[in-house]
Each structure stands twice: as structure tokens, then as C-alpha cells.
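Asks: Chain residues, written in single-letter form:
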Amino acid sequence: MTITDQRPGYRYVGTRPVRHDGLDKVVGKARYAADLVLPGMLYGHILRSPHAHARIVAIDTAAAEAMPGVRAVITGADFPELPADDPERNTTRNLMARDKVLYEGHAIAAVAATSQRAAKAAAKAIAVTYEVLPHTLDIREAMAPGAPLLHDDVFTTGLDSEPSEPSNVANRTCYERGDIEQGFADAAVVVEGEFVTKAVHQGYIEPHACVADTGQDGKTVIWCSSQGHFRVRSQTAAMLGWDTARIKVIPAEIGGGFGGKTTIYLEPLAVALSARAGRPVKLVMSREEVFRATGPTPGSVIRLKLGAADDGKITAAKAWMAYESGAFPGPWAMLGCMCVISPYNVENFLIEGYEVVVNKPVNVAYRAPSAPMAAFAADTLVDEIARRLDMDPIELRLLNCPSAGDQAPYGPKWPRIGLRECLEAVRDSDHYRSEPAPGHGRGVASGFWFNIGEASSATVNLNENGTATVVTGSPDIGGSRASMALMAAEELGIDVYDIQPVVGDTEVVGFTDVTEGSRATFATGMAVVEACRDLKRQLCGRAAVMWDCDSDEVAWSDGQATHRAGEHEPLALAAITAEAGRTGGPLGATASLNARGAGPAFSVQVTDVSVDEETGRVTVERYTTAQDAGTAIHPDYVEGQMQGGVAQGIGWALNEEYIHDADGVMENPGFLDYRIPVASDLPMIETIIVEVPNPNHPYGVRGVGEVGIVPPIPALANAVYDATGARIRELPLSPPRVLAAITARNGDGG
Amino acid sequence: MAQVHFSAGQRRLTGGVAHTDVDAATVRELLRKLEEMFPGIRAHLDQTASTAIAIDGDIIPDPLYEPIPADAEVHFIAPLAGG
Amino acid sequence: MRYAAPTSVAEAVALLGTEPNSRVFAGATDLVPQLRAGRPEPGVAIDLKKIPRLTSVAIDDGTWRIGAAAPTSDLTANEALTADVPGLVYASGLIGSDQIQNRASLGGNLCNASPAADAVPPLLVNTAQAVVAGPDGERTVPVADIPTGPGRTSLRPGEFVVEFLIDRPPPGTADAYLRLIPRTEMDIAIVGAAARITLDADGSCVAAAIALGAVAPTVITVPAASGGLIGQPIDARALAAVAAAASAAASPIDDKRGTVTYRRQVAGVLAKRAVAEAAGRARNGDGP
Amino acid sequence: MSRTHVRCRINGDDAEFLCDAGDALLDALRDEMGLMGAKEGCGTGDCGACSILMDGRLQCSCLVFAPEAEGSSIVTVEGIADGDRLHPLQQCFLEGAALQCGVCTPGFLVAAKALLDRNPDPTETEVRYALAGNLCRCTGYDKIVRSVLAAAAVMQQGKEEAAR
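Order-wise, the sequence lines are chains A, B, C and D.
The opening position of the first sequence corresponds to residue 1 in this note's numbering, with each subsequent residue numbered one higher.
The opening position of the second sequence corresponds to residue 1 in this note's numbering, with each subsequent residue numbered one higher.
The opening position of the third sequence corresponds to residue 1 in this note's numbering, with each subsequent residue numbered one higher.
The opening position of the fourth sequence corresponds to residue 1 in this note's numbering, with each subsequent residue numbered one higher.
Since the hints were made in silico from the structure, they are not lab data.
Any given hint could be a false lead.
DSSO-like, lysine-lysine: derived pairs with alpha carbons at most 27 Å apart [unchecked claim]:
(1) A:K413 / B:K33
(2) A:K219 / A:K248
(3) A:K305 / A:K198
(4) A:K248 / A:K29
(5) A:K198 / C:K256
Computed from a predicted structure; not experimentally measured.
All chains, please: the whole structure from these sequences, using the hints.
Replies: Structure below.
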């Protein structure tokens, strides 16, 4: 189902062609990084810390280096130390531990050998002497005085006075508006609670992998699985202290990322090993390494208090939000602060955020990072307000819904946004209009995500037969090549299958930021459109040459050049490209831009669940999600993003969590006990694409990749409450936790 | 004159001033003038090197040379990340 | 590591006897993850799947003989076996995905000696015997005697399980198995419960057995829960007593998969439900 | 230590390879035979990305020791199309947008083929349980399940037409 605000008549945009890269993927030919084999290639293996926190007293690699087949061994000492103010300093210290290991799984050393077995055996033979230090894994514990300190050079910023002692709290953020005392005084209903979530992993099915081949000339080529190969190049250069010109990065197909492949773990190690050995080196993580050493998204503790007048208008909000950053500081609490009450107009609020380092892997973005935890708090409490006031939860949200010109909690005024349309779409959906089945509980929630623009480049070349090649710098993690081809087809007026969309390496296309923040179809799409528009001007010029007229006598429409005065038969694109050699040479255009005006994204979701009251098992019976896509370029893949986000949110809500033992060792580093949803766990996920075009994009695109993961947690928590009467404020809503809540409810006389 | 708004955290450096009008054609000029008005604020805003700015609601990362239209509403905001 | 695929029990016994650091396997669905997790490779991995007796499933004079290495998908596909021991077959079908089902075996499930093994509670309530081969020939032992603790069995060096013997249940008898996992598939049981119930023509219970998984170092039977059913109709009062007795018999631990409180509580719930399901089958003649 | 020589059939062709006894069949297929369709997502049988058919049975090739393949007949994702004609599952996956990143796709196709080979007309629930051993993190399974059901319908229709 698609709800359209306004929509010009597009020929290709909004259609559902088979994706261009699809055939290779269904016949097993698509090449991912781990599939590459080069002549003479060595296999790498990384030695990782068994301790959550320890000082590295000594590393002895002699025995490993002497083992058969071993060609190179490296440690942190092989990488330059970056100055304290270098933005990549923490990246390099995460990539390879220096003085201390900061989490179990932190890389210590790496080996390249002639076989995987030899590399693994050699890594085992590296002798590391540790002085084990006390560790801290819990936000509240890490914030408390006397907690084990991860860094002696981290001092809390953003405090009223400069701190004199280092702290695990890296930063305090604050957003404030109006008069919250008055706001709460005006409230007829005040609700509050503390919400706790655990670290969860992006869980992409393809482990990190790369191959690096360093030549005698000191240049290296990297094939890798990454959301942004230009960032791989710049980060690798920074880690190695190399000039970026020495590094070429070729993006392989990427087997999922969801934010987790926006940074690097392997590439500089593979390059350093390859440079030392003089041979190509492949590094592939095991699933266990992925869990132990790559970025989960933060655990959090959020205390939120909301007040509302008796008509349902929210009058005040007070939030205290602490987010883990893992072993090095990050921006996660700040983002949470900016999101927490964004789906609501609130005149009086005070929002404080704290970034807390703990002995866990360094957190990395995961689909709308920080927003789902914030929504868990906000949309649970909004549900409580609705119940206290006996209001419909969607009507309550409509009453408090921001629209263009209202001021967002994080500062600027909202542009045209589609939250109201999403709320109305769910309210009017078949799902919401039908009663839940007997015994089922229903929950509603909304979610916000910024979406971002950033830098993108595209080159469009017209081939002599009238087809086109579209080269962009955006790795395709969810079907973006098909979207690029659709926009180019729409612009040029040629068939979408006459366009070959390609992800170019760092030497064939202009700089392009990482595929993140739901930006590829928005920002890179803008570059494609701009390049196509340049081409159309060129095509008109070439037609003018062929017709021997002024180019302003020529217009471009529907895939052909037309003579305005009608003196010539229209010339199809292929007719012009066939003559290109004689009219001025090949036709190509490039556009590079900083995309502005990514339209904010909203999603509203409703779910029905059943709960086994004797065991606490929650079953998701029905799920509907509405999301503002601006314009859906390829609706199949918009739906796919919406459904994928929901499924991840359901996993996060119900079962996923990092579990550590008393020594800070992760106990569930595999898909057996880190329980992402399987096919039989989920119902069909009904989608409603809402289209409120983004005025800043030529086709009205908003990013669609991330916001879908924001509402599921509160939607499910609200549905569990509706089914059981038990309010649960801690994730996951696993059977033991749900049963404990039901038991407690019974004990309370419920 | 651009209307510049400060978040609660930034107000520590403006002596509690929540918003002020500044005559500046670019972000660079704005930062220079703000530093004159509120010594130390530039370092704070630069601290992350990637502080973003919102000009009339349009979020711009790394905005040093960005022109500021007359009467624009300006917010300094956190750099955004994404998945 | 060497790989060997003997084609007879005698050949396998001989191999085990001559290779000091050898290990038998069927599906290797536990062995491979253990090796990946850093457990040392055996000198010889002895694949039992090429021995016909170890993969056959047949009824012989009123006794089912289930090869210890038969993939569980062969059990779930066997309609006659399913009719006789639906609970055991259902449990066998819970061990992992379809992919796993084509490799995992009852022998592996038992000898990996996990207290959470799904097939073991129904083997116990059906008083299954295991035929064990070793240097001293073959012996038949109750399945209940084989696991002695997590990862430990009573098998002597050089011994392996050849097949399971289960007498065809008498009329009016049926079994059932239920487990609690957080997802719908692919998980290890937080708690498992099996029951076997025999009803007389009046619906009164004449024989009962209940076993619980993942609530003790080994799968346990709970005579205190099943004993009270004898001579009774399977009604709400009887089921409540089963639940209370099963919870009381459980002595679980806290681990990453569940807590003591939760396991104890759910052990009662599943025991009660398994008894009700088995009794329902027995009543409807869904058993043999 | 000398390597083990294994002879089998892969995707209809005679094949042989050398392996260490402890190698996974997945590694032999990928590193020795150059068949990169099966992927390693976990190495412990929990994700299904390495699914293959061995003597008609669905297996996680990461759990199979390479020497076990001796004398067997193996089908990988590379072998499920009929020459240039895609298997209906492949065609339906393409048309139904059942893949995003595509890394789990080979495993899903092989597992779905195993399902339809034994149950040509499955219900949605049967499809979901049959594919529970294959993890996908991108799609939420919706379009995968729909595509498998669509392929089953196409194949049934094909059979009916052939019968007429």
C-alpha cells in the first residue's frame, strides 16, 4: 500500500525492476571480500586479548616468527602513534592495542602465514604478558566514584567547572528549553521511569574481510567489505602514516553493514602484513571475532519524566540519558538527547546526556544509532499517559505532533516532515482498525531519525550504443544501485536496463562519504541526477551540431532531442551517441556535491503480540509499519529497508543482548546464543510507504534506511503491557524477564 | 543579522545567553565575532572539529565557509552519525 | 587429524582401540563448534555414519532399534516410529535446523552429555536402552546411566553407542516432549520436559514417567511428580501437583540461558503441559 | 602430513580435491574447487549461509568434514539453475526482491530447494520453519518467504501444464 502526498507522473521512478546486481547474487557469482583469491596469497590471523582490561607488560613474537609458513608478524609497535588531538587516534588504538587492552577481544598482534592453520597456530605461539586490571562493564558502575578507570587522559567535558580528575564519563551534553518546573506544575499527569538496555550487535551475516596486496612500489590495493571505501582509504592511511595516494580501495560486494562497517578493523593490519611479507594477505574474521571485537551499539540507562495536561498535551520532559561508548568515547548520548522527544512538541524540557566508557568493544553506529533506546523510554511513557488519560495512543501523538516550522528539541525548525501522515496512515490502516484477537495485546510507537547528506560523487558515461554506465562511490548495501539506475533512467529517458550502475573504486570515481545515515539514494542520487542533467545539456548541444542549428533551439524530452520549431525529426539518445565521435567526442559527465537538506525520517508502527503467561514467551502476531520515504524510488527496496529495520528492532526488543561473565568475557559470541530473529519468529511485516516529498531532492527522496528500527522496542513493550498488564523497562523482553514481571504484577495484586 | 541560538551546554560559555543577533556573512565570520563576544567559545565549538551547524533548519556538517543568509536562524549542533 | 570411516562396528572398535587419541562422531554438529572454539583436534575422527547398523531405524520383534548415528530427519520421516513414540520423534525434530537434522543423531545428542539435550528426556521416559560396543564386546545399559554430568559419560575408553532399544509402548500409552526456548527454532532448551503416560479404559493413569532437561547436571527423572499420578485421572488437580513436584525436583543453575528461578518455575509448567499432552494422546489413541 | 584425496560429484560433474582431514567441506568447496557461492557466516551451523545438498540432503557445509564428501553427490547454489535457465526459486527471488546484501541468498536458495523438493506446496508456516536455519539480517524474511511461496506456485503450475 502506498499513500502519496503529491506525485508527478514518473516513468521509471516508483517502479520495481529486478535489480541489476541481482543475477550474480542468485547464482552465487557475486564476489564478496572473502571470495577473493590472489596468487601467492597469505592468510592472516589476529591474536586478541582474553582479558577485559589489562596492561600489556610484554609481547614476545619470536617463537611465532620462527614457525613454518609464517611470513610476517606485527604488533601495535608497528603502527605510528597519533597525536592526542588526531581524530583517528582512538581508531588506531582500537585497531591494535598499545599499552593496555581495553576489552576482551582487543587486537594485540597479527600474523600472516601460508595457510590459515599456520597463521592460527603462530598467533597462539605469541607470548603476551599481561597485568590484569579491574574492569567495568556497567554504565552506572563505571560512572561511580572509584570505578576502574579506562583512560587517564579522559576528563569529562561539558561540565559547569573543569574537572581535575580523569573519569569514565567523557562528556556531558545538555538541551534545555522553557521552564520545566512550570511545565510539570501545569501537568495533570506525570509519568516517569528508568529504562535499561544492553549492548546489541548489528549482526550482519558477512564477517569483516579484506585482502591487501602491497607492491614493491610501496602502493597497496585493498579489496574489502565496507560501507565506505573512501573512509577505509583515509583511515588506513592515517593508521599507517601513509600518503593516501599509495592506497587504492576496491569495494567488494558487502554482506550487510547496518552501521557496523562504517569504520575499519582489518585493512591497515592486512596492508602492514602484506608490506612486510611482500605478498597479498587475506584477513577474514570469524563470527566470534565479529562479536568480540567489532562494534555493538551501546547499552544505555535512561531516566525520563513526562508531564501532560488533561487534554493530552505534553507540558514538560526531563531526561537523564547515559550511553555506553565501549572502550573509547563516542557521540551516542548526544544523539540520544537529540532524538528522545523529537516526535513530540514539548515547550519545556531539560535533557542531559552522558557518554560513558566501559570495557567493551568500541561502539559503532547501528541503524539510527541511539534513537531506539531513547524511543523505548519516550514512547513507553507516552503510552502510559494515553492510558492514564484514557486516550487513543495515536490521537495523543497527533495532538503533540510537530510539523514544518515548529522548533525541534535539538534546535532548528522542522522542515516539511511526514510524522502526521504516518500517524494517520497507521490510524487508518486495516491493522489498527481491526480489534486485536482475544488475548493479544497491541502496542503503538513512533520514531524519528535525522538522515544525513554528506559528500557524494557520480560519473555517468554514455556508451556508443545509447546505453549508460553510472559510476558512484556509494557501496550498495540494500539495493541502491537499482535506485541510481532508476533515477538516471528517469532523467535520460532510456530504459532502466540500458543503464549499468556500478560502484567505483577510489581511483575511478570522486570522493564519496560512507553509505550511512540513510544517505545513498538521497545524496548520491542527487549527484547522479546532476550528472544526468549535465549530459542532457551536452546531448542537446550534439543534436544541434547534427542539425546544424543553435543549441537553444533544442530541447530534451522523453529520451530524445527535439527541435523546438519542429524542423527536424527528434533524435533518440542512441542516435546522438552513435555520432558522438564526429560531434565532439565521448559523452560523459561527473557531479560531486555536498548534499544538503536530507529530510528527517519518521516511522509509526503497530504490533499485536501474544504472551504465554506461564513461561513469559512473547510471540509477535502481527506487525504494521508506516514510514515517510519522501518518494520511493524503488518501492521493493524501500519496503525491504522498512521490514529489515523492524525485524532488527524486534530482535533487539525480545532476545538480543551482550552477556558477559564476571571476568568481562563475552559469553554468547555466536548466533546460537546471540539470538537474532529467525524466519519462524516473525510474521509478515506489513508496510505502508508514506510519501511526503522532500523539497530538497529532485525526486523528493528522504533516506529510508534507518528509522524503521526506532519504534519496535517501545511498540513491543507497550503491546506486552497491553497483553499482560506488566510494564517492563529493561531489555530484552526475554521469557525470564517477562515472566518475572508477570509474577511481580500478580504479587502486586494485579 | 543572523539569529544565533545556543544549546544549554553552549550557554555555559555565553554567560547564559540563549540567543544573540550577529551580523555575519559566513560561518567563519560568525565564529570570529562570537569569539569576540564570548571568549573561549570558538575552542568549544571547534572541540570536535566536526561541529555541525543548522542554518534555517538545514544541517551542514563542517560548515566553516558556509554563507549565512540575512536573518537566518543558526544553531550549533552535534555532529551526526548514522548507520 | 585423520579421518576414518569404518563400515562395521568391529572395525570401529578396532580403530578406537589402536588409536589412542581418537574420537567417534556422527553429525559432528557439536564436535565442529568445539574444535573451532579451540578444543584440540583428535588424532583420528571416526565417522560412524558409514556403518549400516548405526544408521538404520527398524522395529524388530516389538522393539525399536534406532541406530545411534541415524540423522534425526530419518526419525521424523518414519511414520511408524512417530506413531509409537511421538514425543521422542518430536524432540528429535527439535535438535537444530533442517540442516542440522540431516546430521544430528540420538547418539550424539546423548553422548555430548548436555543436560539440555532434547532427545534425552523422552529416551528416559521411554526407558530406552543403549547398546554399547567396546573392546570387551557389546553391553546393553539404560540410557539413564550414560550421562554423568555436563560433557561427561559413563562410557569406558574405546566404547561408543551403537543403537537404542525402545520397546513398543503398550496400548493406552503415549509420550510428549516440550521445551522452552526464547526463539522458535535454533536455540538450546532453557528447560525441557518429557512425559509418558499410560491410561486405562476409564482414563485413569496406570503408569507414568516424567523427565526434565536443563535443570540439573544431567537429565533427571522425577518419580515424585509421576508417582502421584498413578490411579488418578489426569485432571487440573493432578497437573498442579505434577507442576509443583517438578519445580521442587529441579535444581538448576544460573547461566547465560536462564536463571534458577525461571528454570524452576518453567520446569513445573512444562512438566504439567507434557503430561497433559501425553495423556491427551493416550486418550485419543494417538499412541500405538 | 599428507593430504586426503577426495572424489565426488559436484553440480553434476566429477570432481576431486585434496584436503586436510579436519577441513570443513565448505573450505574445500571454496578454496579447492573455487565454488564461492556457499559463504561462511558463522562456521558453527547456526546461520545456514554455507548450505549445500549432499546426496539430496540439506547440510551446513561448515559442519561436514571434507573427507566425508568421498563418493557423494553435492549440489551448491552454482548448480541449481538448469544451464542458463534459472531455477524458479532464483527467478522468484529476483522478482520478489528477496535479497538485499545477498550474502545469505545462496544458502536460502539451497535450503528452499530442499524444502520444495520434499514438499512442493508448503504453507507459509512450513516455509518459515524450513528456513529457520538460515539467517537473514537485511529483509526481515518477508520477501524471502513470499518468494519461496511464489516459486512453489510457479513449479506447481509448470507441473500441471506438463501433465496436460
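Asks: Taking each numbered hint in turn, which are not upheld by the structure, reported in ascending numerical order?
Replies: none
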